[in-house]
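**Student:** Spelled out, the chains give:
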Amino acid sequence: MKLKYIIPLLAFLSLAVLLGKGLTLDPKAIPSTRIDKSAPSFELPVLSKPGESFRPEDLKGQRWVLNVWASWCVSCRYEHPILNDMARANIAPIVGLNYKDEDAKAAQWLAERGDPYYKAVVDSNGRVGIDWGVIAVPETFIIDEAGNVIYKHTGPITRELVNNEMIPLLTANN
Amino acid sequence: MKHALLTAGLLFALIAFQSNGFTAIEAVVFDNTSHEKRYKKLINELRCLVCQNQNLAGSDAPLAKDLREITANMIKQGTSDSEIKEFMRSRYGDFVLYEPPFNVSTAFLWLSPFALLIIVVTGLLFNIKRRQQDELFKPTHATNNAEQVRVRNLMRDTPSLNSKDSNKPER
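Protein chains in written order, with the working numbering: chain R, 37 to 210; chain P, 198 to 368.
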């Protein structure tokens, strides 16, 4: 007899917990498939340096950052000063993947706002971005000594994120 | 009447115009109709990552356009449908597939309807059995004729137990 009242209550509570948990999740967040897997290889030309190219293998043996950006990307403006500060602090090399942009506009952007990049590489048709699973610019990855992706952030990075999550990863085992 | 006709006409034009706009994705030329069929099927089954809740076929996003182009090129190069889906899945995860594959994280999604069905059917059977065993519905439980008559009379005189009497206004 008592069970008759307890079962609907339990059913309601479990549903409430399930839906409540759902409210705290971001339905647009797509987990990266690249975490803990080897970073997709590529060879791309370096912006404003004709004849020079960059491959992720060039940085093997150290931890580095891949930052996907574009001059047409509005939220890249917010994270750019933070990238400049990271570069000034000399934490790790930051490679800028210039995603589906025009070289002239990208170069102008770096001239105006400062160039935090160890190397800015040109992904004009966005195919390398697709290999890395880039959905929306900006996105930031951390790659470890062995060439595996160990961290990904979608959207502009914040100072809090850099201090609490990125720097500990970049300075570990280094 | 005139107004209604005019409104209906405008509305119809609006709908016709809108559906025209929807099909405006770039045309892809295939030299073989089976390739074209596969392409149309795949871009309908693959999800756009930018404007989520749209498939690749219905999205104007630049990324969706690139992924359509990749899909078309892979088909032309003789790549199978499952290899194309794996190409997308390895980059964007299960999310890119409108029909999620069965694995540990989707087990609940796939199995919960069946679990629910089992729970409901078991509950229903249990309930039916309990009703059948209900003392009041078993006048034969009475040991002799006189008791059986009494039970029947009781059932007839109690509105809630006899459907024929249940709508009488008295009591």
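Please note: incorrect hints may appear among the correct ones.
Said to hold, decoys possible - To give an idea of the interface, some chain R residues facing chain P are shown, with a C-beta separation under 8 angstroms as derived from the structure: (1) Leu61; (2) Arg124; (3) Ala125; (4) Asn126; (5) Ala140; (6) Lys141; (7) Gly169; (8) Ile171; (9) Met202.
Claimed, not checked - Straight-line distance between alpha carbons at most 27 angstroms, and here's what the computed DSS-like set of lysine-lysine pairs gives: (10) Lys188(R) <-> Lys96(R); (11) Lys238(P) <-> Lys188(R); (12) Lys326(P) <-> Lys64(R); (13) Lys273(P) <-> Lys64(R); (14) Lys136(R) <-> Lys262(P); (15) Lys262(P) <-> Lys282(P); (16) Lys136(R) <-> Lys326(P); (17) Lys262(P) <-> Lys188(R).
It is worth saying that the hints were derived from the structure and are not from the lab. Beta carbons: idealized from backbone N, C-alpha and C, even for Gly.
**Student:** Decide, hint by hint, whether the structure agrees.
**Tutor:** Going down the list of hints, with the structure as the test:
{"no.": "1", "hint": "Leu61", "result": "violated (13 angstroms)"}
{"no.": "2", "hint": "Arg124", "result": "violated (33 angstroms)"}
{"no.": "3", "hint": "Ala125", "result": "violated (32 angstroms)"}
{"no.": "4", "hint": "Asn126", "result": "violated (32 angstroms)"}
{"no.": "5", "hint": "Ala140", "result": "violated (20 angstroms)"}
{"no.": "6", "hint": "Lys141", "result": "violated (16 angstroms)"}
{"no.": "7", "hint": "Gly169", "result": "holds (4 angstroms)"}
{"no.": "8", "hint": "Ile171", "result": "holds (4 angstroms)"}
{"no.": "9", "hint": "Met202", "result": "violated (23 angstroms)"}
{"no.": "10", "hint": "Lys188(R) <-> Lys96(R)", "result": "holds (18 angstroms)"}
{"no.": "11", "hint": "Lys238(P) <-> Lys188(R)", "result": "violated (32 angstroms)"}
{"no.": "12", "hint": "Lys326(P) <-> Lys64(R)", "result": "violated (48 angstroms)"}
{"no.": "13", "hint": "Lys273(P) <-> Lys64(R)", "result": "violated (32 angstroms)"}
{"no.": "14", "hint": "Lys136(R) <-> Lys262(P)", "result": "holds (13 angstroms)"}
{"no.": "15", "hint": "Lys262(P) <-> Lys282(P)", "result": "holds (16 angstroms)"}
{"no.": "16", "hint": "Lys136(R) <-> Lys326(P)", "result": "violated (68 angstroms)"}
{"no.": "17", "hint": "Lys262(P) <-> Lys188(R)", "result": "holds (24 angstroms)"}
In the structure shown, a violation is registered for the earlier hints numbered 1, 2, 3, 4, 5, 6, 9, 11, 12, 13, 16, in ascending order.
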